[in-house]
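Undergrad: Protein chains in written order, with the working numbering: chain A, 12 to 304; chain B, 65 to 165; chain C, 57 to 436.
A few of these clues could be false.
Derived lysine-lysine pairs resembling DSS-like cross-links, with alpha carbons at most 30 angstroms apart [stated by the list, open to error]: (1) C:K263 x C:K62; (2) C:K377 x A:K60; (3) B:K113 x B:K80; (4) C:K316 x C:K387; (5) A:K234 x B:K80; (6) C:K263 x A:K85; (7) A:K85 x B:K150; (8) C:K354 x C:K316; (9) A:K287 x C:K62; (10) C:K387 x C:K377; (11) C:K261 x A:K60; (12) B:K80 x B:K117; (13) B:K78 x B:K150; (14) C:K387 x A:K85.
Here are some chain A residues pointing at chain B (derived, C-beta under 10 angstroms) [unchecked claim]: (15) E237; (16) S284; (17) Y285.
If you are wondering where the hints come from, they were derived from the structure by calculation, not from laboratory data.
Ideal Cβ positions, reconstructed from N, Cα and C, are used throughout, including at glycine.
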Amino acid sequence: MEASKTLTIEKEQRHPMDELLRMDRIPHIWCPGCGIGAAVSAFAAALEKLEFDLDKVCVVSGIGCTGRVAGYIKLDSFHTTHGRAIPFATGIKLGNPDLKVVVFSGDGDLVSIGGNHFIHAARRNIDMVVICVNNFIYAMTGGQVAPTTPIPAYTTTSPFGNFEPPSNIPRLAEAAGAVYVARWTALHLRRLTESIVEAFQRPGFSVVEVISPCSMYYSRINKLGEGIDMLRFYHDNAIIRHGEPTENLDIDYQKQIIIGRFVDRERPTFMDSYRKWLSGAESISKEKVDEKN
Amino acid sequence: MHIRPREKPFGFEKPKSPQGEIEIIEDRCKGCGFCVEYCPNDVLKISDKYNSKGYHPPEVVNEEKCCYCGFCQLICPDFAIFIVEKESEKSKKAETVESKK
Amino acid sequence: MKENQKGVLEGKYKLSGNQACAEGAISAGCRFLGYHPITPSFEIVERYAQRCGDVDGVLIQMEDEISVLAAVLGASWTGRKAITVTSGPGLSLMLEHVGLGVMLETPCVIVDVQRGGPSEGLPNSPGSGDVMQARWGSHGDYELIALSPNSPQDMFDLTIEAFNFSEKYRTPVLIMADEAVGHMTDEVVISPPELVERKYYRGPKEKYLPYKWDKDLIPPMVDIGQGYKFHVTGLTHDERGYPVMDEYCQEWNVHRLIDKIRLYSDEIVRIEEEETEDADVVVVSYGISSQDAQNAVKRAREDGIKAGSLRLVTIWPFPEKQVTELARKVKTLIVAEMNYGQIFYEVERCSRGSANTVLISRQPSQVHHHEDILEAIKKV
């Protein structure tokens, strides 16, 4: 990468995040005003705070704009099929429980096509952190309506306005059994960083939803301005209410968005229960094998 | 009880808030304006010049007001801006620590 | 990961085909089984579940077959040998991830205990209706390896063979068993197998390129967590693993994925020929039908007919060379399969008109009786 000159200092510039990024692929493909880059920034800041052994952190993404995150982060990373990042990550976690597994994907990927897997991984309480960037639309494929699109937003496949009620991701996560559920926006990045740190520290299935602008599709088609206008909207309309019951967290079109930390509880993780079961099972199988069938 | 403001003993100077120097990697910038909007001290402004991709990157206009909060570095979606603690402030701090010893 | 020999059996056991498959996986060092319950393959899981504790294996029931194969691929990347078991309807769901396994070049084994189809079909009856789906089911161009056992001992041996192939060629391998073989009980000899281990990269971390292949067209692999910080994607990619979506990369990478199996087909293909040297009529079969075909051929020889049998142990890559050669020597090739004609078309294609090809199909649930095959031989 050639050194860029600034107004103040002339030397080779290394952004503090450059070590965590695949520099040979920067600049990335996200649009101007997209919030995914900010979410990745917060993730990097969280990893720095946690001081993990970065060799043991693994990122799995699905398909979509947020799905490209795996391709830009310099860790063991996988860009898998649409909606199946969570089961892939489950396989990785069970194959090597010492790894820290992060699923970084979008709302359509995780809660629509991947909804089934989201529910079951939460039910089982697989120890992983899921960062779901919610831009209310299927952006990569051209701006189609998503299960999180509010009523009556316009998208390319809802040209007269969406009429399907949207999903409430924190409520779904809580009902399925997630141990830590939080929602922030692409503006509230310091709190998002703290939340990601907390999500890693909780053993079990943690979900952090990041409401993000989509300047190319969602805000353009609905004439909401650009990314900066969406951030101004979050600034004025996002209310922090920790512990709010998740049934109140529905997002209505261009109305108040409630953000904060909603669920923080303890449940035995899958591996804890599995190990208990396995140690009990050993004695049974010994008998059967001695019988030589 | 009335509290009289006192001067700190040993003749130290009044503590100063940290100051940062902003570095902008102009060719990565996509002109979104997040850093300009959310700098708490209005240190940045969208410039009139173009980078190699045709966007207007930000420029520093109030350098002495930068308080090293790091929000521009955190919010930039393109990793195009970062801050470094100002050299003079760093060395002053080091001096103060030394003289305390 | 060096396979764990703790708890592996040795000796003669009376096992069903499904149980033998589970033991084969354990002997091969497989320590991860992901599954979704489906008839008639669940005895494999039941056996593995009983043996899990002895061998420190991981067992997980996923919510559907789509997630099963995704989990198996993920586990394979951590260095564990991983297997899944399913049947026809499950394989239909897994196909997208078969494609992902081929593209990411992930070793894994998929056991398809076939049943009657299409759709739910006949869950408790044998069939061979998935053989074409195994080869052509996933989208795009690819090659993979599929083996067809015909007895419990074969189930054990071919499971080990499947793991060896998958580790050597870095590809998903299918075992196309059927319900009859799965539920048949027989004596199985479990002996220490010869295993092929994964080819690992041992060079400097900063120079690692996930898809830079060696002379054998197969790139060395690494496990997650060893500090190589690699990226892999299902998109068409270059040797760095980064998506590069142009025709040169497609040609360069995807063509290699096909070649790495096709160019080694001589090593991969296994067939069993009986009395084909002077035969006029040869019965081509695989799976459970091959047992009856071999009996029919014996009876035909007793009756003075010059019959021979060709059993396809490897279905894919298809033994083209062997079938073409045989077609030149014999007058008729009879294909006996438990479907309405799938491998028959491959045989016909390979015979290139040198020999007459006849299909005896049995619909799923009715295993060929050797009398029927004998009759067909006599007719010809």
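Undergrad: Decide, hint by hint, whether the structure agrees.
TA: Here is what the structure says about each hint:
no., hint, result
1, C:K263 x C:K62, "violated, 36 angstroms"
2, C:K377 x A:K60, "violated, 61 angstroms"
3, B:K113 x B:K80, "violated, 34 angstroms"
4, C:K316 x C:K387, "violated, 34 angstroms"
5, A:K234 x B:K80, "violated, 45 angstroms"
6, C:K263 x A:K85, "holds, 14 angstroms"
7, A:K85 x B:K150, "holds, 29 angstroms"
8, C:K354 x C:K316, "violated, 38 angstroms"
9, A:K287 x C:K62, "holds, 19 angstroms"
10, C:K387 x C:K377, "holds, 17 angstroms"
11, C:K261 x A:K60, "holds, 25 angstroms"
12, B:K80 x B:K117, "violated, 39 angstroms"
13, B:K78 x B:K150, "holds, 18 angstroms"
14, C:K387 x A:K85, "violated, 62 angstroms"
15, E237, "holds, 7 angstroms"
16, S284, "violated, 38 angstroms"
17, Y285, "violated, 38 angstroms"
Hint violations for this structure: numbers 1, 2, 3, 4, 5, 8, 12, 14, 16, 17, all remaining hints satisfied.
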